[in-house]
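Given these sequences and hints, build the entire structure.
From first to last, the protein sequence lines stand for chains G and H. In terms of numbering that gives the first Met the number 0, the first sequence is residues 0 to 296. In terms of numbering that gives the first Met the number 0, the second sequence is residues 0 to 281.
If you are wondering where the hints come from, they were derived from the structure by calculation, not from laboratory data. All figures in this text were calculated on a predicted structure; none of them were measured in a lab. Incorrect hints may have been included.
[To be verified] Below 27 Å or equal to it, Euclidean Cα-Cα: the simulated BS3-like pairs (lysine-lysine) are:
(1) H:197 to G:161
(2) H:75 to H:20
(3) G:161 to H:238
(4) H:238 to H:75
(5) H:75 to H:138
(6) H:152 to H:138
[Stated by the list, open to error] Label-pair restraints from in silico Cβ distances:
(7) H:222 to G:82: 50 to 58 Å
(8) H:20 to G:187: 49 to 57 Å
(9) H:142 to G:212: 48 to 56 Å
(10) H:135 to G:157: 23 to 31 Å
(11) G:282 to H:155: 27 to 35 Å
(12) G:159 to H:133: 15 to 23 Å
(13) H:95 to G:101: 34 to 42 Å
(14) G:264 to H:78: 27 to 35 Å
(15) H:120 to G:82: 26 to 34 Å
(16) G:211 to H:142: 44 to 52 Å
Using N, Cα and C, we set each Cβ at its ideal position, and we do this for glycine too.
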Amino acid sequence: MNTELLGQLLINGIVVGALYGVVAMSFVLIYKASQVVNFAQGEFLLIGAWTCWWLLTKWQLPFIWGFGFTLVFMTLFGLLLQVVVLRPMIGEPIISVIMVTIGLSIFFQALMKWMFGVFAQPFPPIFETGQVDVLGLRIQTVYVMSLGISVVIMAVFAWFFKFSRMGLAMRATAFNQQVAQSLGISVRTVFALSWAISAVVSSVAGVVVAVVNGVSSALSFYGIKVFPAVILGGLDSVVGAVLGGLIVGLLENFAHFLDAEYLNWGNMYQVAPFYVLIVILMIKPYGLFGTKDIERV
Amino acid sequence: MSVTTDAGARPSERPAQGAAKPPLLSVNNIEVVYNDVILVLRGLSLQVPEGEIVALLGANGAGKSTTLKAISGLLKTEDGEVTRGEVVFAGERIDGTDPDRIVRKGIFQVMEGRRIIADMTCLENLRLGAFTRRDAGVKQDIEMVYEYFPRLKERTGLAGYLSGGEQQMLAIGRALMARPRLILMDEPSMGLSPLLVKEVFGIIRQINRDLGVTILLVEQNARMALQAASYGYIMESGKVVLDGTASELEGNEDVKEFYLGGGDERRSFRNLKSFKRRKRWL
Ligand SMILES: Nc1ncnc2c1ncn2[C@@H]1O[C@H](COP(=O)(O)OP(=O)(O)OP(=O)(O)O)[C@@H](O)[C@H]1O
Ligand SMILES: [Mg+2]
Chain G
0 MNTELLGQLL INGIVVGALY GVVAMSFVLI YKASQVVNFA QGEFLLIGAW TCWWLLTKWQ
60 LPFIWGFGFT LVFMTLFGLL LQVVVLRPMI GEPIISVIMV TIGLSIFFQA LMKWMFGVFA
120 QPFPPIFETG QVDVLGLRIQ TVYVMSLGIS VVIMAVFAWF FKFSRMGLAM RATAFNQQVA
180 QSLGISVRTV FALSWAISAV VSSVAGVVVA VVNGVSSALS FYGIKVFPAV ILGGLDSVVG
240 AVLGGLIVGL LENFAHFLDA EYLNWGNMYQ VAPFYVLIVI LMIKPYGLFG TKDIERV
Chain H
0 MSVTTDAGAR PSERPAQGAA KPPLLSVNNI EVVYNDVILV LRGLSLQVPE GEIVALLGAN
60 GAGKSTTLKA ISGLLKTEDG EVTRGEVVFA GERIDGTDPD RIVRKGIFQV MEGRRIIADM
120 TCLENLRLGA FTRRDAGVKQ DIEMVYEYFP RLKERTGLAG YLSGGEQQML AIGRALMARP
180 RLILMDEPSM GLSPLLVKEV FGIIRQINRD LGVTILLVEQ NARMALQAAS YGYIMESGKV
240 VLDGTASELE GNEDVKEFYL GGGDERRSFR NLKSFKRRKR WL
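Quick look at the structure:
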């Protein structure tokens with residue numbers, strides 16, 4: 000057995016899985032706060048990455064500035080998207096809202112192609128050293144950065160929802176909008192905020208992936224990968240989303256290993272998570288961490 | 000849309016109740032409609048003077064909860080609307096205002112059925128009660144709530160697993176955290192054992208006395224409510240049919256017959272005849 004390949008794929012799985020986890024978390028955030036299934040989640044990564052790329056290459060900004068402006072832009076973008084497009088949809092049937100997010104996804108993909116072309120673009124290098132040694136394994140520096148950023152985002156999320164005033168308000172809104180309003184919470188503000196946070200967090204993931212692989216429309220696939228991750232974890236669980244993301248990342252790479260070493264079927268990498276998803280849903284229809292409501296009358 | 004019609008008199012033109020000071024809350028001849036068609040309140044008026052406990056009594060379906068929601072603005076979340084008349088709080092018209100704004104103005108509703116947030120802890124529920132506040136006194140107020148309800152401090156698990164009585168205490172504690180001027184309390188005794196009802200009412204009186212919070216109390220348990228309140232309104236089919244000081248109402252033959260009954264057992268409301276409204280405000 001090729002242990003070096005296995006080790007490499009394991010690291011890959013964790014790094015990519017953590018990113019899936021971050022994107023899944025921001026997807027769940029929107030779903031929990033406003034019950035909208037956002038099919039345009041992947042486009043947040045895409046738009047964020049292109050914006051940052053554009054600032055770094057066309058404007059020659061240092062990475063920190065380019066990244067900072069991208070975050071500001073994406074916050075406003077998420078806010079505006081909610082206020083202009085999604086707010087008027089409140090109260091419409093779920094299927095109409097889903098159609099709108101699918102429409103947004105298609106629209107933004109086309110827009111990005113029109114603005115930046117159809118070819119993948121490399122990101123300007125950020126680190127001077129390409130690889131570092133961690134516990135005897137040679138790992139790409141960008142991988143370490145990627146994992147570090149994912150972990151920081153997750154920690155901030157955990158803090159935000161457990162301790163901050165607005166985080167509690169968002170959980171209250173997810174629990175019951177009428178109750179939230181009776182406490183003085185403006186659910187409109189919560190909806191807008193959830194889109195803003197979701198967009199900005201996804202765009203961070205987008206930039207990280209772009210730094211590793213370059214910017215291309217492939218980034219929006221992360222929006223599709225979110226589905227096995229969140230359904231595995233349970234649609235309404237942020238912790239579940241993170242673990243679901245990790246599981247999907249590891250599964251992909253493990254399937255890739257099996258395929259490369261033994262099976263030679265090709266593209267197992269792509270489909271394995273979906274097979275596992277089907278099996279898990281048959282056993283646990285609420286996902287691994289999804290909850291039925293506490294009922295007590 | 001809420002327009003003042005000829006039927007809605009201005010607050011200043013109404014005979015003042017007791018002292019000349021205008022009441023903290025004044026509901027003037029309101030009409031409430033759900034889903035644009037279901038007329039539930041038909042010209043309801045009531046006044047709540049500052050610092051008092053006022054009881055609002057009536058049979059099931061009379062429109063008590065609807066009245067509270069019309070005041071707190073939560074009507075909007077159920078597709079209801081004040082189509083006539085006005086709600087004036089501290090000299091300001093508030094009908095048509097969003098519920099979250101009304102909380103900021105100082106009115107907090109403890110909804111029927113407690114409605115605590117089941118998947119959060121007691122402490123998180125309390126902190127959310129103070130959502131509209133930015134001052135530094137929140138920590139201190141949490142301790143104050145624990146003094147009123149010592150058993151909440153011991154419960155560290157999710158609020159959804161609290162007993163019914165504990166949930167009611169949490170709901171009241173959460174209201175205190177907002178430091179409101181007026182608390183609208185919808186059936187705090189619902190589903191509680193007689194002993195707990197006593198305890199909860201004791202605390203309601205204590206809160207009113209210690210903190211000076213004004214309370215509009217909706218109850219099925221008329222006996223307990225009239226003991227705590229200084230003034231009471233009895234409503235039926237969307238209107239006030241009788242009102243008076245708590246002791247007047249307790250002494251009233253009709254009230255005795257239909258609401259106070261004998262012992263704790265309540266009579267059936269089915270054969271409740273319509274009261275003639277004896278005193279008119281408008
Ligand atoms: N959201 C709503 N949509 C339509 N009709 C409603 C709604 N809420 C209440 N109603 C109707 O309004 C009337 C009064 O209801 P309300 O809840 O105010 O009564 P209540 O006096 O609080 O009764 P209870 O003692 O049972 O709580 C009822 O006939 C009810 O069916
Ligand atoms: Mg009611």
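Here is how each hint holds up against the structure:
1. H:197 to G:161: violated (35 Å)
2. H:75 to H:20: violated (31 Å)
3. G:161 to H:238: violated (45 Å)
4. H:238 to H:75: holds (20 Å)
5. H:75 to H:138: The hint is violated at about 32 Å.
6. H:152 to H:138: holds (13 Å)
7. H:222 to G:82: 50 to 58 Å: holds (51 Å)
8. H:20 to G:187: 49 to 57 Å: Violated - the Cβ-Cβ distance for residue 20 (chain H) and residue 187 (chain G), about 37 Å, lies outside 49 to 57 Å.
9. H:142 to G:212: 48 to 56 Å: holds (54 Å)
10. H:135 to G:157: 23 to 31 Å: Holds, at about 25 Å.
11. G:282 to H:155: 27 to 35 Å: holds (32 Å)
12. G:159 to H:133: 15 to 23 Å: Taking Cβ atoms as reference, residue 159 (chain G) and residue 133 (chain H) lie about 18 Å apart, which means the hint holds.
13. H:95 to G:101: 34 to 42 Å: For residue 101 (chain G) against residue 95 (chain H), whose Cβ atoms are near 37 Å apart, the range 34 to 42 Å holds.
14. G:264 to H:78: 27 to 35 Å: 55 Å Cβ-Cβ, so the 27 to 35 Å window is violated.
15. H:120 to G:82: 26 to 34 Å: With a Cβ separation near 33 Å, residue 120 (chain H) and residue 82 (chain G) satisfy 26 to 34 Å, so the hint holds.
16. G:211 to H:142: 44 to 52 Å: holds (51 Å)
When held up to the earlier numbered hints, the structure conflicts with 1, 2, 3, 5, 8 and 14 and fits the remainder.
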